[in-house]
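**Student:** Protein chains in written order, with the working numbering: chain A, 172 to 334; chain B, -9 to 242.
No lab work stands behind these hints: they were computed from the structure.
Be a bit skeptical, because a hint or two may be false.
[Unchecked claim] Cβ-to-Cβ under 8 Å is the rule here; a few derived chain B residues that face chain A:
1) N33
2) L36
3) G40
4) A115
5) I116
6) L118
7) K119
8) G120
9) K122
10) H130
11) E229
12) L233
[Claimed, not checked] Covered stretches of chain A, going by a simulated chain B footprint (3 or more residues, C-beta under 8 Å):
13) 186 to 200
14) 221 to 230
15) 255 to 269
Every residue gets a Cβ at the ideal spot worked out from N, C-alpha and C, and that includes glycine.
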Amino acid sequence: MVRTDKYTTESIMKLLSEIPDPEIPVITIKELGMLQNVREENGKYIITITPTYTACPAMKMLEQQILETCALHGIKDVRVELTYTPAWTTDWISKEAREKLKNYGIAPPQKKACSAVFSADTVQCPRCGSRHTEIISRFGSTACKALYKCTDCHEPFEYFKCH
Amino acid sequence: MNTQEAIFNYCLRLGDNALVLGHRYSEWCSRGPILEEDLALTNTALDLIGRAQAFLNYAGQIEAKGRSADDLAYKRAERKFLNNLIVELPNGDFAFTMARQLLFSAYEFYLYEALSKSKDPQIAAIALKGLKEVGYHLEHAADWALRLGDGTEESHNRYQSAINGLWPYTDELFEMNASDEILKEADVAPDLSHIKSKWLLKVTDLLSAANIKIPGNVYMHTGSREGIHTEHLGHMLSEMQYLQRAYPDAKW
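Looking at chain A on its own, in the form it has when it is part of the complex:
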């Protein structure tokens, strides 16, 4: 079966790229790296997404948002697939997206992700730019964030962990 609608995998990708992340609406699911690709298979559009953390609770909502966006534009026969490979990493977050996170008050990942355990991050305060910060909690409001505070401007802030 050959599709006759006006959409291509590229134009669908472009449409879906606009969807904001359900938990950090200042960046899109494409910028965050959760939206992987769109392909056509036997007349169906298969959209592949990947979770940030294995149990990312936003996945169901993300799937719903993708299906709704497709329905809104009259794109039919769509399926959303979940993949674990390649494993999501904060390295996929672009410089521009990191800047957006910072302006939103979330300190972006500070370095290249590596699987090295026991290597502490020096985190820069997203508000005053100081490097004098300390960790309050390794875990935060979502799986991908930790809580920090700045010892110069005394503001608490969230840090998007290297992963």
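Given chain A, put chain B in place with the hints provided.
**Tutor:** Below, chain B without anything else, positioned relative to chain A:
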């Protein structure tokens, strides 16, 4: 047993370990000693439930009898669970929970590191994904080992007695059964004796930094490879599985 059956059993073990420990952590919800720790324990629970879902889903696919991750989690009796005994032990005090996390996360860390090179692409994918999360859990547990073990007399004694209580459940983590042997030959899963030497080195290192002694010659419990559990698992499952038992196939 053929390779498919061995993979099914192996993924059940990995999935059940994550599910049962994840449930134990969930029991801490709203009971953490401080707010940050409540967040940490529930976030860790979430990571584990995520891995349980991934491994049990895959086990269901391999078995090919139409069982979903939920079917496997909620509709098996305790004799069919293959998790290690150490994860089903009740939470005890905070020191016990954190000492278990140290011992178990260190085990998972080296196990997943090896599994991320598995010849089975789905096991490798889940392991590689989980590895970063496990590393973070290990760091968190190591922080608390130092803080409690090298803290006050009270915290030191509690952490030491937690390690004394947990140690007899550590040997079982490295037991090789028929599934392990088949998967080792097929380069799907590692030889657990190699994992054990890395684990022991790391754990000894972390505990001695915290002034905690490893118990000497102690009796080692066993049984989970055959589905024989402590009295605690059945009680836990009766609570965890209650809804599906009372209202079979109920959906949200």
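**Student:** Now, for every hint given, state plainly whether the structure supports it.
**Tutor:** Structure-based check of all given hints:
Because the beta carbon of N33/B sits about 4 Å from the nearest beta carbon in chain A, less than 8 Å, this interface hint is met. Against a cut-off of 8 Å between C-beta atoms, the interface hint on L36/B holds, since the closest Cβ of chain A lies about 5 Å away. With a least beta-carbon distance of about 2 Å to chain A, the hint placing G40/B at the interface is held under the 8 Å criterion. About 4 Å separates the beta-carbon of A115/B from the nearest beta-carbon of chain A, less than 8 Å, and the hint is met.
With a least beta-carbon distance of about 6 Å to chain A, the hint placing I116/B at the interface is held under the 8 Å criterion. Contact between L118/B and chain A, as hinted, is supported at the beta carbon level, the nearest pair being about 5 Å apart and thus within 8 Å. With 8 Å as the threshold, the beta carbon of K119/B comes within range of chain A, its nearest partner Cβ sitting at about 5 Å, so the hint holds. Taking 8 Å as the C-beta cut-off, the interface hint given for G120/B holds, the closest approach to chain A being about 6 Å.
Residue-level restraint check for K122/B holds (minimum Cβ-Cβ distance to chain A is 6 Å; threshold 8 Å). With a least beta-carbon distance of about 5 Å to chain A, the hint placing H130/B at the interface is held under the 8 Å criterion. Here the hint on E229/B is broken, as its CB sits about 21 Å from the closest CB of chain A, past 8 Å. A hinted interface residue such as L233/B counts as satisfied when its beta carbon comes closer than 8 Å to some beta carbon of chain A; here the least separation is about 19 Å, so the hint is violated.
Only when three residues or more bring their CB closer than 8 Å to a CB of chain B does the claim for the stretch 186 to 200 of chain A stand; here the count is 0, and the claim is violated. With a cut-off of 8 Å between beta carbons, the stretch 221 to 230 of chain A has 6 residues touching chain B; three or more are needed, and the interface restraint holds. A stretch counts as covered by a chain when three or more of its residues have a beta carbon under 8 Å from one of that chain; for the stretch 255 to 269 of chain A and chain B the count is 4, and the coverage holds.
The structure fails to meet hints 11, 12, 13 from the earlier list, while all remaining hints are met.
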